[in-house]
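Residue-level listing of the chains:
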Amino acid sequence: MTTASVTIDPAAPTRAPRKTKSDRRGMRSPYPSWFYIPAGVLYLIFFALPTFSSFYFALTRWTLFSQTFIGFGNFVQFFQTPALTQGFVNTFIYGFVTSAAKVVLGLALALLLTGATFGRGYLRAVVFFPVLVSTVGVGLTFKALLDPFHGVVNQVLGFFHLPQPGWYTDPHLALLTVAGVDIWKGVGIATLIFMAGIVAIPSEYFEAARVDGAGSWNVFRNITLPLVRPAMATVIILSLIGGLRSFDLIWAMTNGGPGFSSDVIASVIYKQYQAGFFGLSTAGNVILFLVVTAIMLPVQWLLNRREADL
Amino acid sequence: MKLSPMRRAAAATAAIAAVALALTGCSGFGSTGSNSGSKVTITFLTQNDAPTRTQSKALIEAFEKKYPDVTVKLDTQPPGTQGDNLMKTKLSTKTMDNVFHYNSGSLFQALNPKTSMVDLSGESWVKDLDKNFKQVVSVDGKVYGAPLGTSSAGGILYNKKIYQQLGLSIPTTWDEFIANSNKIKTADPNVTPILQSFGDTWTSQLLVLGDFANINKQDPNWATDYTENKNGAKYVNQPAFEGFQHTAQIVPAGLVNKDYASMTNAQAMDALANGTAAQYPMLTGSMATVQQNEPDKINDIGVFAIPSPDAQYTSLTLWEPNALYISSTTSGDKLKASKEFVAFANSPQGCEIQNKTGAAAGPYSTSACSLPSDAPAFTKDVQKYIDDDKASPALEFKSPIKGPNLETILIAVASGSTSAQVGAQQYDQDVKAQAQQLGIKGW
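Just so you know, the sequences run in chain order V and Y. Start counting the first sequence at 3; every next residue gets the next number (the working numbering). Start counting the second sequence at 15; every next residue gets the next number (the working numbering).
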């Protein structure tokens, strides 16, 4: 398989560390604590403060200039929003479909691209390229390509007398179409992480397996797959979080439409902001925050535990 | 280049200060009008569709010729909900253009005119305004807007040639309308009986919003009850429910163009003018597209009211024109120039430009302007309904509440993902949210 040898040396850096103040305090950072201040201030102002004030504003009906405290009214109303259930269902479908596809395709591509393939460098660049393109640009490009009547894709299909689906105008297809584009755009990152994971597997394992007469499938099943599990955990967590809170691509391609058929929670909330329902949409964001946390904590716990078991 | 730590700190401080200065410089610039010197520049914001842009450019050109000391810079933004959002953001962050062009009625009310706009009650053109129009640009008796363009009607635009060929007559009930559409379909399968164009999502609302005159004819108190949340004036109840039923009916009946989910408003207008389609529920304002693209075909198109299930109630829904407003951030010379610009649009010269560049869509809302003698034929159809007292302003001019999700809900209803019943319920919820956000009593 790969020729990259493992160079991690167990006897790590040997230079004796200088005695510093922080060293005497116990351990840790070579930097003085006030180095944290700029980042801390930024974090407080732009993250902590808005997050905590949003918990309060979710309980009010507010405009930019005034606010009325209404208790849990916004939450009650949020759950009566048109097609909210569909938004939730769509969010999960979108999150799980894109995440699963990125894991499978990412791993397959990573195996291909770490093997001795012809034109490997070029193919790596091709796979990674979509990651570098602006999401909105990708969305608009695919919208043009997939146009049901004038788009290149359907014209080609028509030339071969194949059915020409309304990719993003058919309510049953719209969400999956966007998910497909999301996979195309995001699989490069997953591939990259898997490649790093595969390259880090010590080559001795592969050599030993070959000597024992293991075939490609056995090597993959019993060596590569278990040992890329940390990489897989990273890919799953990143793509699942990304999928659950995805918005930009959906908005660029369908605006959540036709009707509400490709609406996800984030686009439902965005539309409420757009309509000027600030309190209502803040409540929606609080709910989204809780839901994503409720899903991601167990997932992360599960994946990390498996990693430790290995 | 190596810098000592002191130097580096000094350089960083200088850089931060420069950025901060630049930022404050930007925010104070452009909107306030304490401009010295004789040349004044004002900005004018309008929507970016082709007819509006053409008209605005012509207006600015003529204005600058008459007032050589004033330069008007044209800014554009998208129409629809996206534009509404931008408009509100610009007003609340005080970055709005000096003069801006926007809807009258409920959308105007949602901009909080008392704090965001300049009171124009004292201007000379106010006395010429039609009283209905004056109402829809006023808050507490103060006038904030001047009309630009004509009023328009929301009805069924139809190709007269097709109606003549097939010997069809103007339907006065909804059933007659469906019967006509079926005849068109049987006569020539290549002609679309009814156009829908959800590529522009706002166009999905016509069968509901354009039905309001019929509701109003049956129950003249409906708009008041709706605003005050009384007497079951809801979209789930008749008479208002019929609009949702009509929207749900036409696609399954096979009367709509195949590409209804992606067709745009301009494409639909072209199809109607060229006779590849026969009828289109639409605002007469969209005739501007035909005026620009196929001016020789404009008289092939007529308009009739969206038929009520009962002929005695069938009447035409009217939209007041959009208006020009001045943002409250404008002062000094810029305010003077902005007022001159608004007044110019309603002067005889301004009216002439409006007649020349914007297709008239119905009568003017100010006596300062009048339609030219060669106005397109369909404006006479509109006038006939007004003369017969079979017309009413749309709901958005009689009530401040309009739910923001109507267009999306109706697309779901039309394409069959939601039933008419559920769609109407959803819209009632949407209306409730809007009423509460506006702080209206009774919700």
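Fair warning: there could be bad hints in the mix.
[As the list claims (entries may be wrong)] Straight-line Cα separation of at most 30 Å, DSS-like style, residue types lysine-lysine; simulated pairs: (1) Y:K104 / Y:K87; (2) Y:K353 / Y:K104; (3) Y:K104 / Y:K199; (4) Y:K53 / Y:K87; (5) Y:K353 / V:K145; (6) Y:K53 / V:K145.
Just so you know, these hints were derived from the structure itself, not from any lab.
Hints violated by the structure (listed by number, smallest first): 3, 5, 6
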